[in-house]
Amino acid sequence: MNQETVMTCRNVNIFYGEKQAVFDVNLDILKNKVTAIIGPSGCGKSTLLRSLNRMNDFVPSFSMNGEINFDGRDVLKSDPMEVRTRIGMVFQKPNPFPKSIYNNIIWGPKIHGHKVNYDELVESSLRSAALWDEVKDRLHDSALDLSGGQQQRLCIARTVAMKPEVILMDEPCSALDPRSTIRIEDLINDLREEYSIAIVTHNMQQAARVSDYTAFFYEGELIEYGVTDGIFTNPKEKRTEDYITGRFG
Amino acid sequence: MTKKVKIIEFLVRGALGICALVTLITTIGIVLVLGSETIPFFEEVSITDFLFGTRWTPLLEPKSFGVLPLVSGTGMIMLGSAFIALPVGITTAVYLSEFSSLKMRAVIKPVLEVLAGIPTIVYGYFALTFITPILKIIFPQTEVFNAASGAIVVGIMVLPMVASLCDDAFQSVPKALKEGGYALGATSFEVIGQVIIPHSASRILAAFILALSRAIGETMAVTLASGANAQFTFSPLQSIQTMTAYIVQVSLGDTPQGGIEYKTCFAVGSLLFLITLTMNVVGQSILFRYRRSSK
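Residue numbers (the working numbering), protein chains in the order written: chain A, 20 to 268; chain B, 218 to 512.
Some clues are possibly wrong.
Heads up, simulated DSSO-like pairs for lysine-lysine below, C-alpha to C-alpha not over 27 Å straight-line [to be verified]:
| id | chain 1 | residue 1 | chain 2 | residue 2 |
| --- | --- | --- | --- | --- |
| 1 | A | K96 | B | K392 |
| 2 | A | K134 | A | K112 |
| 3 | A | K112 | B | K392 |
Bear in mind the hints are in silico, worked out from the structure with no lab data behind them.
So here's chain A without its partners, still in its complex pose:
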């Protein structure tokens, strides 16, 4: 893989109290690529993803060691607030703020005092999230009036408005209907032009559709990592093959 990496995990171990959830993981997130993290429930894939931008700091018994390199610095030793402005996140369930569509977008840039033209930022962010045409006439309506799929795209727009380098997505379609899911997948396809994306999904077809690289996790270990086509057509590991052919999970 002679690709430019944007994040590098080295020997990452993650614990909840005494219980180890992730074992000695080495994983690269590549620039302007979509990396899918797949595996059965409880395999540690979400735990790892949420550690990449320190979102697990809020879990009381959480601890981790190893190194997560991002732009020459170790995420674990950086200011978590700064890390999160540069590594955005989209969650499983759409979680827009109970504010207008407009205010949802500018919330992040505003608290960081970004001096930008908010109107332009709102338009460009909503366009990046393929939501502009649907909401341009009601920017000041409550975000909660949008459908679930639209809310999720708004959350993506809100993340994009911060101009992050990496976007982490934690099962972003699991609460959505099939049509909304397809729209988000198309969107992920477009976003890769500008952003590096890591997406956790329990849906293998989705991983095959949207990602360039796939990492298969099982019981906290990274079993296999490589080009998505290779993982799905010619897995090297028996467990990967069993999982993607639906023999378990």
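Chain A is fixed; fit chain B onto it per the hints.
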């Protein structure tokens, strides 16, 4: 459905309905009792004299029925206690729900509940024997019975309620919403100030109104701490009398039933009722407006 099931359903529905009626009947009853003595009172004393008079001496000659001294007394207790309970209560709740470790929380929560369970009369002793002497050291002109001591102790008294209701409100903010804020690189203070507090604003307001209503209604602690000297003043270091304390004074005394002194009780009670009712209505309408505009 069999006949037996139908009868049981009818009985259960009836029983539930009667329970629901209890509150309605009580409210109507209270309004009737207050009204039946308040109306005759205003046949003898004009409403303007009552509402705007600054001398309250219904038990002494020459009688005077200006209620403002009692209103100012109650007002001082309410504002003073709000000044303590609201900021301290809300910061306690912020600490409890966002910053405290599980261990600290396990200590503070039960202590708050103990504080809420102390009989109000005990708070009265506490004010008289602990708070007032401290006030005297700081302000030597402080009287033995004074409004400040009463306000402080009522503030401490309603503090657990404010803290606990606000804490409940903060706890009910969806985790996903907080994470949405943090994921955009916000600090804890930004998430608290711009996500958690706005999201729980309606419940915070409800907690404030409940606290104020309790402060207005508080009787024993205030009587002990602030005295029974109805004077129209805004000095917190002087003794005062609140509306509730006056009602107790008359009810316990040998005031003959049916006399004008007796009726004053009901006039003051009605006024108290109207004040708390207005507060609730205002609170509700603020809430309603807030909900509509929270976009």
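Tested hints:
1. Our distance criterion of 27 Å between C-alpha atoms is met by A/K96 and B/K392, whose separation comes to about 25 Å.
2. A distance of roughly 30 Å separates the Cα atoms of A/K134 and A/K112; the hinted pair therefore is violated under the 27 Å criterion.
3. Between A/K112 and B/K392, the direct Cα distance comes to roughly 11 Å. Compliance with the 27 Å bound is thereby established for this hinted pair.
Hint 2 from the earlier list is the only one contradicted by this structure; the remaining hints agree with it.
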